[in-house]
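Peer 1: Chain by chain, the residues:
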Amino acid sequence: MTFFKFILKRLAFMLATLFLISTITFLLMNFLPGSPYQNEEKLTPVQRQMMNEKYGLDKPAGERYLIYLSGLAKGDLGISLQFGNQPVSKLLSSRIGPSIQLGLQAMLLGTVAGIILGTISAMYQNSFIDTFASLSAIIGRSIPNFIFAVLLQLVFAVSLKWLPIALWDDGFRSTILPTLALAIAPMADAARFIRTEMIEVLNSDYAELAKAKGQSKVRIAFVHGLRNALIPLITIIGPMTVGLMTGSLVVENIFAIPGIGEQFVKSIVTNDYATIMSVTLLYSVLLVVIILIVDILYGLIDPRIRLAGAKQ
Amino acid sequence: MSESLLDIRNLNVSFQTFAGTVNAVRGVSLTLEKGETLALVGESGSGKSVTCRSVMGLLSKNATIEQGEILFRGSNLLAKSDKEMQRIRGKEISMIFQNPMTALNPTMTIGKQVAEPLRLHQKFSRTAARRQAQELLELVGIPSSTKRLNDYPHQFSGGQRQRIVTAIALACGPEILIADEPTTALDVTIQAQILELLKELRHTTSIIFITHDLGVVANVADRVAVMYGGRIVEIGKVEEIFYNPQHPYTWGLLRSMPTLDDKDGELYAIPGSPPDLLSPAPGDLFATRNEYALQVDAHYEPPLFQVSPTHYAATWLLDDRAPSVIVPEAIAARRQYYRQRQTGLTAKEGLL
Chain A
277 MTFFKFILKR LAFMLATLFL ISTITFLLMN FLPGSPYQNE EKLTPVQRQM
327 MNEKYGLDKP AGERYLIYLS GLAKGDLGIS LQFGNQPVSK LLSSRIGPSI
377 QLGLQAMLLG TVAGIILGTI SAMYQNSFID TFASLSAIIG RSIPNFIFAV
427 LLQLVFAVSL KWLPIALWDD GFRSTILPTL ALAIAPMADA ARFIRTEMIE
477 VLNSDYAELA KAKGQSKVRI AFVHGLRNAL IPLITIIGPM TVGLMTGSLV
527 VENIFAIPGI GEQFVKSIVT NDYATIMSVT LLYSVLLVVI ILIVDILYGL
577 IDPRIRLAGA KQ
Chain B
1099 MSESLLDIRN LNVSFQTFAG TVNAVRGVSL TLEKGETLAL VGESGSGKSV
1149 TCRSVMGLLS KNATIEQGEI LFRGSNLLAK SDKEMQRIRG KEISMIFQNP
1199 MTALNPTMTI GKQVAEPLRL HQKFSRTAAR RQAQELLELV GIPSSTKRLN
1249 DYPHQFSGGQ RQRIVTAIAL ACGPEILIAD EPTTALDVTI QAQILELLKE
1299 LRHTTSIIFI THDLGVVANV ADRVAVMYGG RIVEIGKVEE IFYNPQHPYT
1349 WGLLRSMPTL DDKDGELYAI PGSPPDLLSP APGDLFATRN EYALQVDAHY
1399 EPPLFQVSPT HYAATWLLDD RAPSVIVPEA IAARRQYYRQ RQTGLTAKEG
1449 LL
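If you're matching them up, the sequences are chains A and B in order.
Taking our numbering as reference, the numbering of the first sequence is continuous, increasing by one, and the terminal residue is 588.
Taking our numbering as reference, the numbering of the second sequence is continuous, increasing by one, and the terminal residue is 1450.
I should point out that these hints are in silico values taken from the structure, not numbers from a laboratory.
If you're wondering where the values come from, they're calculated on a predicted model, not measured in any experiment.
Using N, Cα and C, we set each Cβ at its ideal position, and we do this for glycine too.
Among the hints, erroneous ones may be present.
Stated by the list, open to error - Computed, partial: chain A to chain B, Cβ under 10 angstroms:
hint: 1; residue: S410
hint: 2; residue: N479
hint: 3; residue: S492
hint: 4; residue: K493
hint: 5; residue: V499
hint: 6; residue: R503
hint: 7; residue: I577
What the hints assert, rightly or not - Just some of the chain A residues that point at chain B, by a computed CB distance under 8 angstroms:
hint: 8; residue: D481
hint: 9; residue: K487
hint: 10; residue: K489
hint: 11; residue: H500
hint: 12; residue: P579
hint: 13; residue: R580
So that you can see chain A by itself, here it is in the shape it has in the complex (with noise of 0.2 angstroms):
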């Protein structure tokens, strides 16, 4: 009963920040210097005129967010000024999956690698082992993931040919390279965080006394220390999660993936403003979203920060 009405504020809260993120989002597009149209210095002061009257751009900021916010309202995105006159929705929603699709893959595969690089690194703290995972973080998170593409297609498409070099045409397989290539840096962030946790939760009263019932060393990594040692890695999981499946432009390029990367920032260049808007608010959803989740999966993995009032 408490977990609903917990999460009824919570989706209450997450509307609200939306609404405000919408409203400022509109309101930056109209300080945005410059028009949506091409060769504007060519254009007519009618011929201007006209676009403006058909793009609804003439009429005073107030009416256009009022028309703006009840298109939001029953889902209409508006058009896109730039890709065909597609209206804006069914132009994201082409493209959204595959972004997704290889953020959460990603996000799965860097996390899932990472803790366990960090928890072994931990057990064997300042051995070889802890010492190659440790270099092997470092490099990750220092060499740009385009790179890693790079040398993926090079290594696994090109000499090997064992898989396709880029396209996204070929289901899972096309799937796997940009994923490597994006999941490094996830994986170095995890295994330096779970590292540092881990070697604080093995030298705690409870691994010893977890020794002391006689388990093994890797039980006593796994089974005790891994779920106290999650619990500061869930906090940076969410906006990392989000940020692989908006940030990934440049991957996405590299391997001629339809994604929505590329959209966003050529919506931008070219003052799409309805893609812009709607391109930001969707990272704005997927965030507060993931944020959700991510408080949710406190209380699951930490039962000492379950929601006040759960246990009755």
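Got chain A sorted already, so can you dock chain B onto it with the hints?
Peer 2: Positioned in the frame of chain A, the structure of chain B alone reads:
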């Protein structure tokens, strides 16, 4: 004499620290018989915990066992592999830790944590282990434990948590239970409950009870070993230590216990501070704090002198050449009482 359950022989443990090597335990020899409760008494840093951790194989990475043997039922624990020790820990020898507030895993239910050694050592099924865990919790006095199996440590009080830690230690019916200051972190009423619990256990399990509280010892122990600076300075039956103490350090400990018939109302404190084990002075480490120190103390560490077949003390005062000293009043009174009891007992025995 039959072989002891646990026989620690000439144990020497050192720690490598940034400042240098610390000799935390220096030639400790101890035995623990079946069904016996042995109290290890001494101030912080005297080597009580290190001795017991050596038995459990729970020393930290920077510790080295320089010398010695720990024979458990005749086989040397120090020669065992990690795997072999894992089978002994929690099953044959288990341990209760000092701080119940942090000893339990905060993200695991109590039921699971109590059932864990059963699943591990006795290969119990999940349900059987759970049932047994519930019985164990009832045994240590956690009320309505069926429901509470699914609760997490933070939902229990400190005293309850120490009971749970005890339940975990008892799960597999260990031969030896090591209790490392189990009551230090608890308030006095809870202390009494935990001690009561340990007293009930002592018929079934041999216990090594580490404490720096002599008041607790009198209640629980059969024998007492007093440690100072990594050595055993006096060891004997509880009445021998309490009523016929020989070592000036034991005198100091006994005198610093508040008693009801204190005349001047002032509590005695042993002067000085614990010895520096990093660069120990030659001779007896207690000499600088010892009002009864002899010249020889500055040069030679005293060996353990035999007082009775069960009672030994490491002080030069027991040497034949030592001058006789005037024992503190409180100690003299204790000895007097001891002698009366001894003669009383022999008189009684004579009657029989």
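Peer 1: Under 8 angstroms is the threshold here; is the Cβ of D481(A) close enough to any Cβ of chain B for the hint to stand?
Peer 2: OK, holds: D481(A) within 8 angstroms of chain B, min 4 angstroms.
Peer 1: Is the shortest C-beta separation between I577(A) and chain B less than 10 angstroms?
Peer 2: At 7 angstroms from the nearest chain B Cβ, I577(A) passes the 10 angstroms test, so the hint holds.
Peer 1: Taking the closest Cβ pair, is R503(A) under 10 angstroms from chain B?
Peer 2: Holds. Min distance 4 angstroms.
Peer 1: For the hint on S492(A), does the least C-beta distance to chain B fall short of 10 angstroms?
Peer 2: Nearest chain B Cβ about 6 angstroms off; hint holds.
Peer 1: Are P579(A) and chain B close enough, Cβ to Cβ, to be under 8 angstroms, as the hint says?
Peer 2: 4 angstroms, holds
Peer 1: Would you check whether N479(A) satisfies its interface hint, that is, whether its CB is within less than 10 angstroms of any CB in chain B?
Peer 2: For N479(A), the interface hint holds, since the closest Cβ of chain B sits about 9 angstroms away, which is under 10 angstroms.
Peer 1: Taking the closest Cβ pair, is S410(A) under 10 angstroms from chain B?
Peer 2: 19 angstroms, violated
Peer 1: Regarding the hint that K487(A) lies at the interface with chain B, is the smallest CB-CB distance below 8 angstroms?
Peer 2: 6 angstroms, holds
Peer 1: Could you check if R580(A) really has its C-beta closer than 8 angstroms to a C-beta on chain B?
Peer 2: 5 angstroms, holds
Peer 1: For the restraint on H500(A), tell me whether the closest CB of chain B is nearer than 8 angstroms.
Peer 2: 5 angstroms, holds
Peer 1: Can K489(A) be said to touch chain B, with a Cβ gap under 8 angstroms?
Peer 2: K489(A) check passes; min Cβ-Cβ to chain B is 4 angstroms, inside 8 angstroms.
Peer 1: Have a go at the V499(A) hint: is there a Cβ in chain B nearer than 10 angstroms to its own Cβ?
Peer 2: 8 angstroms, holds
The structure is inconsistent with hint 1 alone, although it conforms to all the rest.
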